[in-house]
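Asker: Go ahead and model the full structure; you've got the sequences and the hints to work with.
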Amino acid sequence: MAVDILMPALSPTMEEGTLAKWLKGEGDKVEAGDVIAEIETDKATMEVEAVDEGTVAQILVDEGTEGVKVNAIIAVLAEEGEDASSVSADTSAPAPKPAAEAPKAEAAPAPEKQVASTPVQMPKLGAGDDRIKASPLARRIAALKGIDLNTLKGKGSGPHGRIVKKDVEKAQPGGVAAPAASGAPASPDGLILPQVLDDRVYTPDSYRLEPLDGMRKTVARRLTQSFMQVPHFPLNVDIALDKLLAARKGINEAAPEGVKVSVNDMLIKASAMALMAEPDCNSSYTDNGIAYHNG
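Numbering (our numbering), first residue to last: 2 to 296.
Incorrect hints may appear among the rest.
[Claimed, not checked] Calculated pairs, SDA-like style, for lysine to any residue (alpha carbon to alpha carbon, straight line, at most 25 Å):
| # | residue 1 | residue 2 |
| --- | --- | --- |
| 1 | Lys270 | Asp243 |
| 2 | Lys244 | Asn265 |
| 3 | Lys218 | Gly65 |
| 4 | Lys134 | Lys166 |
| 5 | Lys70 | Asp5 |
| 6 | Lys134 | Val165 |
| 7 | Lys44 | Glu81 |
| 8 | Lys250 | Pro235 |
| 9 | Lys250 | Ser263 |
| 10 | Lys134 | Glu170 |
| 11 | Lys146 | Arg163 |
| 12 | Lys146 | Thr225 |
| 13 | Lys244 | Met277 |
| 14 | Lys261 | Leu242 |
| 15 | Lys146 | Lys166 |
| 16 | Lys218 | Cys282 |
| 17 | Lys22 | Thr46 |
[To be verified] Okay, the calculated beta carbon distance ranges per label pair:
| # | residue 1 | residue 2 | range |
| --- | --- | --- | --- |
| 18 | Val264 | Lys22 | 45 to 55 Å |
| 19 | His294 | Asp29 | 38 to 48 Å |
| 20 | Gly34 | His294 | 46 to 56 Å |
| 21 | Val260 | Thr46 | 53 to 63 Å |
| 22 | Gly34 | His233 | 29 to 39 Å |
| 23 | Asn265 | Tyr203 | 18 to 28 Å |
Hints are computed from structural coordinates only; laboratory data are not their basis. Glycine included, each C-beta is placed from N, C-alpha and C at the ideal position.
Answerer: Here is the structure:
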């Protein structure tokens, strides 16, 4: 009788994982205790050992598949004497429950609030005279709150009536302005997620996208949350710019009439050269991975 190989729960809180790599292929003999696959969770990559022996008859989940639910059938094992080519998974049967569950000593703490990681569908802004002027952040908040930006068209507090963050935060779904309340308005939970690269700002050929594994996604999400939720304070330092000011004076004296180089111009140049020397710093974290910008 064929044996179903299930997606294991590698931790008490694991609900899904990534099948990172198969170490056995279809037709390979498997002994109990053999390492057959590597499973990647949000905390670590772990090896999975076979419980039964037999021949791998069918692999149902390919390498690199993300979001594989615990107890989902990932492969089928043919037992001794069975024809591996005639064995298939019984997908009609429900996935069995875990054989044993550790006794609960006390009530489990409330699970941490999870935020959906799917990209938000940005509202369309139109074109020409019908175009809605709104910042990318305002568009994202509007999408999260279900606000029609057409109701705020021309009423924004930004330059030339552009809709900005505070305009959308004051509005309610349907475009009705929210009554004034004491304290700062609460930001949507989705704002703690990394932003989606806007094609109007970053063209697809201007960066290289490197996908993240489960652990790096979790680390990046936690760091983003802590950066936005922990209070900040500035640090100031005095710098001697005598040589830079002397160089600026010499550049401006030799420059054509009407051309004037400022200290700010020189700092921008220095920053650009630093990013060229350290390209890892010229990157952005997004929902889909790390975007390394070309220039």
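Asker: Each hint: holds or not?
Answerer: Here's how the hints hold up against the structure:
The straight-line distance between the Cα atoms of Lys270 and Asp243 is roughly 18 Å, inside the 25 Å bound, and the hint therefore holds. In summary, the hint linking Lys244 to Asn265 is supported, as the alpha carbons are separated by about 15 Å, within the 25 Å threshold. In summary, the hint linking Lys218 to Gly65 is supported, as the alpha carbons are separated by about 15 Å, within the 25 Å threshold. This hinted pair checks out: Lys134 and Lys166 have alpha carbons roughly 12 Å apart, not beyond 25 Å.
About 15 Å separates the Cα atoms of Lys70 and Asp5, which keeps this hinted pair within 25 Å; it holds. Between Lys134 and Val165 the alpha-carbon distance is near 9 Å, which keeps this suggested pair within the 25 Å criterion. Our distance criterion of 25 Å between C-alpha atoms is broken by Lys44 and Glu81, whose separation comes to about 36 Å. Restraint check for Lys250 and Pro235: the C-alpha separation of about 31 Å exceeds 25 Å, so the hint is violated.
Using a Cα cut-off of 25 Å, the hinted pair Lys250 and Ser263 holds, with the two alpha carbons roughly 9 Å apart. Of the supplied pair hints, the one linking Lys134 and Glu170 holds, its CA atoms being roughly 16 Å apart against a limit of 25 Å. Taking the CA atoms of Lys146 and Arg163, the gap is about 19 Å. The hint holds against a cut of 25 Å. The straight-line distance between the Cα atoms of Lys146 and Thr225 is roughly 21 Å, inside the 25 Å bound, and the hint therefore holds.
Distance hint between Lys244 and Met277 is fulfilled; the C-alpha atoms sit about 23 Å from each other, no more than 25 Å. Distance restraint check for Lys261 and Leu242: the Cα-Cα separation of roughly 18 Å lies within the 25 Å cut-off, and the hinted pair is therefore satisfied. A C-alpha spacing of about 12 Å is found between Lys146 and Lys166, which places the hinted pair at or below 25 Å, so the restraint holds. For the hint pairing Lys218 with Cys282, the CA-to-CA distance comes to about 18 Å; that is within 25 Å, so the pair holds.
For the suggested pair Lys22 and Thr46, the alpha carbons sit about 10 Å apart, so the restraint of at most 25 Å is met. Distance hint for Val264 and Lys22: a CB-CB separation of about 53 Å, consistent with the stated range 45 to 55 Å. In this structure the supplied range 38 to 48 Å holds for His294 paired with Asp29, their Cβ-Cβ distance being about 44 Å. Taking the beta carbon of each, Gly34 and His294 are about 47 Å apart, inside 46 to 56 Å as hinted.
The hinted range of 53 to 63 Å is satisfied by Val260 and Thr46, whose Cβ atoms lie roughly 56 Å apart. Taking 29 to 39 Å as the suggested C-beta distance range, the pair Gly34 and His233 does not conform, at roughly 52 Å. Separated by about 24 Å at the C-beta atoms, Asn265 and Tyr203 satisfy the suggested range of 18 to 28 Å.
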